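Student: Take the sequence shown: its position 32, counted from the start at 1, is 32 in the UniProt record's numbering, and no numbers get skipped.
Source of the hints: derived by calculation from the structure; they are not laboratory data.
Keep in mind it's a predicted model, so treat the numbers as computed, not measured.
Treat the hints with care, since some could be wrong.
Listed next, with one range per pair, are the computed distances between beta-carbon atoms [said to hold, decoys possible]:
| hint | residue 1 | residue 2 | range |
| --- | --- | --- | --- |
| 1 | Asp-107 | Ala-79 | 38 to 44 Å |
| 2 | Ala-69 | Ala-191 | 24 to 30 Å |
| 3 | Arg-124 | Ala-69 | 17 to 23 Å |
| 4 | Glu-144 | Glu-74 | 16 to 22 Å |
| 5 | Ala-214 | Pro-95 | 32 to 38 Å |
Note that beta-carbon positions come from the ideal geometry of N, C-alpha and C, so glycine has one too.
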Amino acid sequence: MDTPVPPPAPAPPRTGTGPTVGFDLDMTLIDSRPGIHATWRRLAAETGVRIDADLVVTRLGPPLAQELAYWFPEEEIPAMAARYRALYPDHAIAPTTALPGARAALDAVRAAGGRTLVVTAKHRPSAALHLDHLGLVPDVLVGELWAEGKAEALTAHGAAAYVGDHVGDVRGARTAGARSVAVATGPCPEAELAAAGADVVLPDLTAFPSWLAAFTRGEAPGGRPPHPSGAGQLS
Numbered sequence: 001m002d003t004p005v006p007p008p009a010p011a012p013p014r015t016g017t018g019p020t021v022g023f024d025l026d027m028t029l030i031d032s033r034p035g036i037h038a039t040w041r042r043l044a045a046e047t048g049v050r051i052d053a054d055l056v057v058t059r060l061g062p063p064l065a066q067e068l069a070y071w072f073p074e075e076e077i078p079a080m081a082a083r084y085r086a087l088y089p090d091h092a093i094a095p096t097t098a099l100p101g102a103r104a105a106l107d108a109v110r111a112a113g114g115r116t117l118v119v120t121a122k123h124r125p126s127a128a129l130h131l132d133h134l135g136l137v138p139d140v141l142v143g144e145l146w147a148e149g150k151a152e153a154l155t156a157h158g159a160a161a162y163v164g165d166h167v168g169d170v171r172g173a174r175t176a177g178a179r180s181v182a183v184a185t186g187p188c189p190e191a192e193l194a195a196a197g198a199d200v201v202l203p204d205l206t207a208f209p210s211w212l213a214a215f216t217r218g219e220a221p222g223g224r225p226p227h228p229s230g231a232g233q234l235s
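Work out the full structure, taking the sequences as your base and the hints as a guide.
Tutor: And the structure:
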């Protein structure tokens, strides 16, 4: 039986007309490697399949089914995905930590009068558990979108920028016409993120508030954010 997902805590009220900024979850806002490692080890123990959990956590980002395909026959993937997600709440939530600067990054957007949006390839109930456990409260959470597919949510919510650690996040931002802010805290090195087309590559989220301040003044890579009344359009 799935663990009930607690209702999200209410987001602080928006204070103005600043930009909407989207964030990826795994390895952007949170370090979920210990919890994901533990969940894969448990799945391996239950199924008897030799899964290299150390390898799994070096390539976080793509959808669960893509990783499962390395270890299970195609016809078993739906059942294994369901079992993994059932195991996840008991094994992955407690060991996961917020990455440096995560809370301050969300706060910086709100201080600028903007809105925060988390768009992740992760199963939405699992993502909600992580955010609730760590006290990270975005205005909007959208799950199960990957790479260019993330543009659907970014466009719908008028995101001016999208922050992520994977080249798939860069592609999603570019597809949406949003500024791509990459952070080198995940599996993709700085050079790879830059080559994929990121407007800026930050070492981690601790550098994000300064970038955002410059961005709202039109002084950061990518130029000035769109006017709130014309989200998604360049000024």
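Student: Could you run down the list of hints and mark each one as holding or not?
Tutor: Against the structure, the hints:
The hinted window of 38 to 44 Å between Asp-107 and Ala-79 holds, with their beta carbons roughly 41 Å apart. One distance hint, 24 to 30 Å for the beta-carbon pair Ala-69 and Ala-191, holds here, with the actual separation near 28 Å. Between Arg-124 and Ala-69 the C-beta distance comes to about 21 Å, which sits within the given range of 17 to 23 Å. At roughly 19 Å, the beta-carbon separation of Glu-144 and Glu-74 lies within the given 16 to 22 Å, and the hint holds.
Distance hint for Ala-214 and Pro-95: a CB-CB separation of about 35 Å, consistent with the stated range 32 to 38 Å.
Of the numbered hints listed earlier, not one is contradicted by the structure.
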